[in-house]
Amino acid sequence: EAGVTQFPSHSVIEKGQTVTLRCDPISGHDNLYWYRRVMGKEIKFLLHFVKESKQDESGMPNNRFLAERTGGTYSTLKVQPAELEDSGVYFCASNQAGTGDYEQYFGPGTRLTVT
Amino acid sequence: AQKVTQAQTEISVVEKEDVTLDCVYETRDTTYYLFWYKQPPSGELVFLIRRNSFDEQNEISGRYSWNFQKSTSSFNFTITASQVVDSAVYFCALRDNYGQNFVFGPGTRLSVLP
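So the protein lines, in turn, are chains A and B. So that you can map any letter, position 40 of the first sequence is 40 in the numbering used here, and since no number is skipped, the others follow by simple counting. So that you can map any letter, position 35 of the second sequence is 35 in the numbering used here, and since no number is skipped, the others follow by simple counting.
Chain A extracted, bound-state conformation:
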């Protein structure tokens, strides 16, 4: 069974540019989460999808971040325009709702560098 995949693995962009990160969850997982780790600090929650609906987006830092999950499969996280403080590693995770499967399965992350 394929795990959570993320693309790209690394992105270097200039301040003011736009970047779109993609996450493909484990097949059949309804829950999809985005987290990020900035400057070696804690991994912080950004938002949670249940299928295509945003269940909790309380962690989104500001309106420069837009997450979508059309069709309830893969998700994208767009940063527009990117700022220096957005640099960090963005993790995606998934799990199946309603089965007691409480652990989240994480992808390898996308390392975003804004210069």
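Just so you know, the hints here were simulated from the structure itself, not pulled from any lab data. Mixed in with the good hints, there may be bad ones.
[Claimed, not checked] Derived, one-sided and incomplete: chain A residues facing chain B with beta-carbon distance under 8 angstroms:
#1 F7
#2 E42
#3 I43
#4 D56
#5 G72
#6 Y74
#7 Y102
#8 G107
As the structure is a computational prediction, the values presented were derived from the model and not from experiment. Positions of the beta carbon are idealized from the N, C-alpha and C atoms, including for glycine.
Based on the hints, put chain B in the right spot on chain A.
Relative to chain A, chain B alone:
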């Protein structure tokens, strides 16, 4: 508010030594879940263990063991006879019974030297 503290930023041990990684958590919930994840140099977060708040049994899995103490709000992780492949960043995390998102600690970087 929920919080997870991992006081040890970095630990270095020599191979075959035992090492304990500390995790202290804060929550007002009576039902919650604790996790440990390993982040090897390849970057992905690898699930190691989940512990429910109502189950204080300690667990051993090979060279890994976990000590859950509700009285001190701690969930410590011990690696016995450490190996170089154990070198990684280890994260402790907390999830309450209502939300789905995790609250992570800052991580402990473990270096096992040959």
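Query raised in the report: Going back to the hint list, which numbers does this structure go against?
Result: 1, 5 and 6
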